[in-house]
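S.K.: We have chain A already, so just place chain B on it with the hints.
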Amino acid sequence: MRDHTLNPFIKYLGRRFFFLLLTYFIALTIVFILPRAIPGNPLASILSRIFQTGQANPELLRSVERTLMEEFGLGKPWFVQYVEFITKALRGDLGTSISSYPKKTLELIIPVIPWTLILLIPSILIAWIIGNTLGAFAGYRRGSLVDRIALNTSLIIGQIPYYWLGMLLIFFLSVKLKIFPGQGGYTQGTIPNLSFSFLLDVLSHYILPSLSIIISALGGWAIGTRMLVVNELDSDYVSFSEHLGVKSKTIFGYVFRNSLLPQVTGLALSLGGALGGALITEIIFNYPGTGYLLFRALSTLDYPLIQGIFVILIASIYLANFFVDFIYAIIDPRIRLGQGES
Amino acid sequence: MYGPKPLKNLGGEGMKGLKSKFLVILISSFVLLSLLLPVNSTAQVAIPRDETVYCIGGIWGPPTTWNPYAANVTWGTDPFLFMPLFYYSNAKDVWLPAIGEGYKVINKTTIQVKIRPQAKWSDGKPITAHDVAYTFELTKKIGTGPGAGWDAYVASVRAVDAKTVEFKVKTPNPNYFSFLGYALGTRVVPKHVYEELEKKGTGAVREFANDDPAKQVVSGPYKLFFADPNTVIYGRIDDWWGKDIFGLPKPKYITHIVYKDNPSANLAFEKGDADWASTFIPAVYELWEKKGLPVRTWFKSKPYYMPDGVVFLYISYFKKELADPTLRKAIAYAVPYVDMLEKAYFGYSPQAHPSYVIDVFEIYKQWIDYGYSKYLWGTKDGKVPTDLKKANNILDKAGYKKGPDGIRRTPDGKRLGPYTIEVPYGWTDWMMMCEMIAENLRKIGIDIKTEFPDFTVWAERMTTGRFDFIISWDAGPGYDHPWNTYRFVTDIRLTLPFGQSSWSGNWTRYDNPEAIKLLDEIPATLDVARRKALISKLQRIVQRDLPGIPLFYGAHWYAYSEVKWVGWPREENAWWYPAANWSANSLPVLFGIAKKGETPKVPAWLTTVDKGGVLIPTSLIWNDLMKATTK
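So the protein sequences, as listed, match chains A and B. Read left to right, the first sequence gives residues 1 to 342 (our numbering). Read left to right, the second sequence gives residues 1 to 631 (our numbering).
It is possible that some hints are incorrect.
Simulated crosslink set (EDC-like; lysine to aspartate or glutamate; CA at most 16 Å straight-line) [said to hold, decoys possible]:
#1 B:Lys141 x A:Glu71
#2 B:Lys320 x B:Asp412
#3 A:Lys104 x B:Glu207
#4 B:Lys170 x A:Glu59
In short, the hints are calculated from the structure, not lab data.
Next comes chain B alone, as it looks inside the complex:
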């Protein structure tokens, strides 16, 4: 009779009671928690696949805000929600009047833009010159937003009447490039919405999420339809103000799913679940050549993609011995351009032209001083050949003697290295290029190894100038190319002393008053012939000093799938460019595509003014400014 009983009382019962209580609490809290799952109770029905263009490559994290004054605006806001006065196409060098109807040059310092009488905000209020003027003023006050930094080039923005806005260029030394870019290309926000926010302070303007589809006031043909941390959907506004002028864009919805990484996004594209791809796709040609998919990029053959700016090998002036132009020239000869683009970049770009001018766009070729480049580099197209022997010869001649370790010394005895060449970890194509460049530089007696830090670390070194060699970008092609590229690489005023972070350009801290003089003169010159001469001079300087060695053109990631949508712009039918879904000027693409099974029709307005369309060539604006009086 005695035995188990007292033992059981020792701890068993109490323990059991406690344990089960504990479990009950845990299980019930779990049930409670599962009710907390971020579920949208008013979730919409699934959107129809054949009315929707699915995008990849535009957004990689949860969407944040649809407010142009927040520095971190969600993908889609610029291209689909808010329109500028004019869109710019850099393939055709034309301006497409959007909210603006046309421009009028008043005199050499003043330009007026007429706003379309039909232009309305999505809440029905007319879009006026006061909205335009207000947008600029608010940007100046906030520091971020549409046209940030405009006041360096635009003297004033004034509403002449409700539908006419006047821009004055800042003088003396007018910069017509930046002036026109700001005046014509800046997005406009609704004054009546932002005025209310401004009353609560500038913080309220910046932190405005603008994420309520019912309350969004936009000028474009789309507005937010749905967003959660993994999805953004824009829905078409069927009674959009521009439908009688432009028609309606074809897709009813534009959807972007937030994928974890490139491979998973590309997989969706390959499966036909995404239509409009702006991602890096390794060996993209295999999709149609080997797998037979209805997929294409801009070009059917090499380089497959259009260029989106020049990618440079930047060598910092932080270490004194690396400043020598002769050493830099030898390095330029040692870079394995063709080999590296073939192996690491799938041939997505030709070798960049040493003049810094993107020679894939026909319109930019006029700026290249071919004669000089051919003479300097000794090649037919004026591009730098890969020639290790020549590189070694140059260094031998200049007195860079090899030490016992096989590493060269500068004429005054400084060892060349150890140096690093760095790009962010995970940028596999660039990482491979670094390896290949480093290998060749070692062959000419430079002690260099690769380093692949985290992106934020790399960016910190780049923007403070404290690096040896990096591969990095320039400002991208605008209608002011190549001037903007020269400026980005050579203008010391854009940057800060070594050690202080500056994102505006000139990572290497190249400092040359001669270049600055030309940089100021070029955009003030309306005469094309004279501008050409000035650009040619600048070309000689950058090819002599080599503040950056142009490697290749960064690709404009644009690929499309014709599983659900057809008629996309491409090389053979280049009706609009830029075409990447993250480009701020890509909206017209959506007007010319068609559902699979329907016949796509390029909108008639997408032709130049002389052919009955609305597109205005940049040269026309320059001519008008040339002819204008000074007063």
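Isolated chain A, as found in the complex:
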């Protein structure tokens, strides 16, 4: 009996894992091709800096250019570069950054990851909780004034481009009212340390970017949950309970919980993508996360850094997906059993 249930489950996970590896490999290939498809000179950021120091002379420039071409293998045919990239990436070596040469890309990526996760995870969670509660409440009272207000505001908020929202927040709360700082992860010039004042400083810089994410994500969650709740309200068990005279508060509780399942999936997925940072939000707020690092890498055409960020980002999204699949299989027996049948 036990064997019968375990086998399809493992089979299911094995199959998911195989596809995961295959798509990851395809993703790596795309990650290799895309930055190279952007026209531009990846050595421009380093070489142009030589002119600035007033030490530019043709021999020096030529010598440095030649050395850098060799160092990054830029002169080699693309397939040689590709094979090198894949074999190194599989060994965990993501190469050396061009714009921050000779720093390893991992040395640049790892320190910014906590900043991004600290910005995004709580913001996503808060948006999720508020949005779902709001949506469920509106759905349950569908047609009421509360619903109409909640639905319309959510629709509007959900459609506001989040970068615009970010700029509005900076303009009003930072530039005009000067309540919160609008730039950076902490006051420029302070040295990060574990003091109370520094943490307070980080917090004050945290609020605006976090707020822009919460507000813009909230609407989407609310609308989604409202839909689910409305559907759920048509279920037999609801009319059954209503006929039995169960308190509406209790029914609301049932409906809310039952509508949450797809929203949990959505949450897990957006948390999985969190590592990529809220690219534009981080750029607008000059927030020292992975999104901002990616922006810098793209604007200097730092191939290894772009690749490195995507390799890690894609892996995290895939892991989140895998995790969701795994949870689904546990929650919903139809999935694992269905695999066995086919």
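M.R.: Okay, now just chain B, sitting in the frame of chain A:
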């Protein structure tokens, strides 16, 4: 009794349990993550503001390395950490002996430099001629590093004894400009440190970060004190070897905060949070004229900034019809020089002289053949006037007829355009200039529009020669100006065929054997009068063919605030130049400023040798070489 219960069991309890577990995992992982914040547990106490010079404009991304052999050395390494034998000042045309004490010309091909007996590395080991020779050898092996490319001009670098190093110029056709530049100006690294690295291979030399303040071995009066992705702080070495010769530089710390962009850095400067600014500041004069701040640039009035090289309108030879010198001449007349510098550049530079010689520095003026330029362009100062009528006349006369669309055709029927004029997106001053130039060129019947690609894209087009019109720089002013500018713009040997990227110069692929002959002859000539004659010849060529049309001088971004530090070099008291904080030769600035409230004193050694100081005029070295025997 029945009712809610079975319903609750359907999914409620299980769901709730799962959800709360999920949340617990997430929240606890968040707490864990917050402990990972890049916090430096050994963070230093805040550095005292009045002991620190705060800089802006030198660094815009996280610091990388303090190793001169890495191609991407962090701001501050060249000016503050590693010293050359001599520093060069292009305003005074003098050499300041740093690690070197003096030079001796042995014969026309050999020069010896004596190293100061006091000179020591920060770990106490003496700085020797072996360090110098080793630096050059290692550079040759690695391909990057101090004096990269030296072996094209210097035949050998040899330690005669511990404190004497000998340089031989490469013959035949010696290039004294590049020879002296490499021999005197190259930074020296500690042999005992790099030898150890070299044992691990050349990769180890290049990838050495040199970011541990405790282990840094430097020759300058500062070394790294603290660095993180947003801050670099250098700290003074109080028992520096040179303190009895030069004294100590005044600031105890030099700090640079990595700002996101120009506006945020400039804001810090305006607020008095930064003292030494090397950024582009729009309408900088308003800071003292309107806002009354204790802030200044080099000049109190126009052009406010010293020049840092010639900025050209380059027209590529990639499209054949654009090669015609007559067409180029008409274009030169059509550029709205004065108007555009006023509107787009805040008057930060006068119009550049068509001779390619920077006429803001007194010492360079001697190279300008004023007579020829005046005759050619018909103006008092010999500069190109903006004259659309004349431009149209030239084209009419040369047979460039206008088509029905108002666009001219070459005499053999080729339409002039569509062309683009491009600069990188975000370089707002240059972008505006492009618009203004394009507008005038359309008025003389050329179909041209502006394009503002990303910097890397623009750079790719520039270095491969595949562009129509661009605004771009030259090599910057050195003691070999204007020769280096002629060379940068006209020497075909510096570049590669169209389509292949080359950063060394001559973006347009101008190819003229006549120019090359002169380019080789000038630096081999020690006689000043003869050199002048040769330069004059070259001047005629560049004004005839116009491989690049000189627009203006790129500003040497230098502004200072006297909120915390006073006595900065400036026009009225020009005791040292270059003064931008990213210039490799700006260290002396820190010796002459003083804390607010104290009286600044220009160091006595900052006068020329004939007045009791240590500064050696370049002319003195030339004279010694002239007088020397050939053997």
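S.K.: Does B:Lys141 pair with A:Glu71 here, judged by a C-alpha cut-off of 16 Å?
M.R.: Since the Cα atoms of B:Lys141 and A:Glu71 sit roughly 14 Å apart, the hinted pair holds (cutoff 16 Å).
S.K.: Is B:Lys320 close enough to B:Asp412, meaning Cα to Cα at most 16 Å?
M.R.: holds, 12 Å
S.K.: Mind checking the alpha carbons of A:Lys104 and B:Glu207 for me, to see if they're no more than 16 Å apart?
M.R.: holds, 9 Å
S.K.: Under the criterion that the straight-line Cα-Cα distance not exceed 16 Å, is the pair B:Lys170, A:Glu59 satisfied?
M.R.: holds, 14 Å
Hint check: no violations occur; every hint is consistent with the structure.
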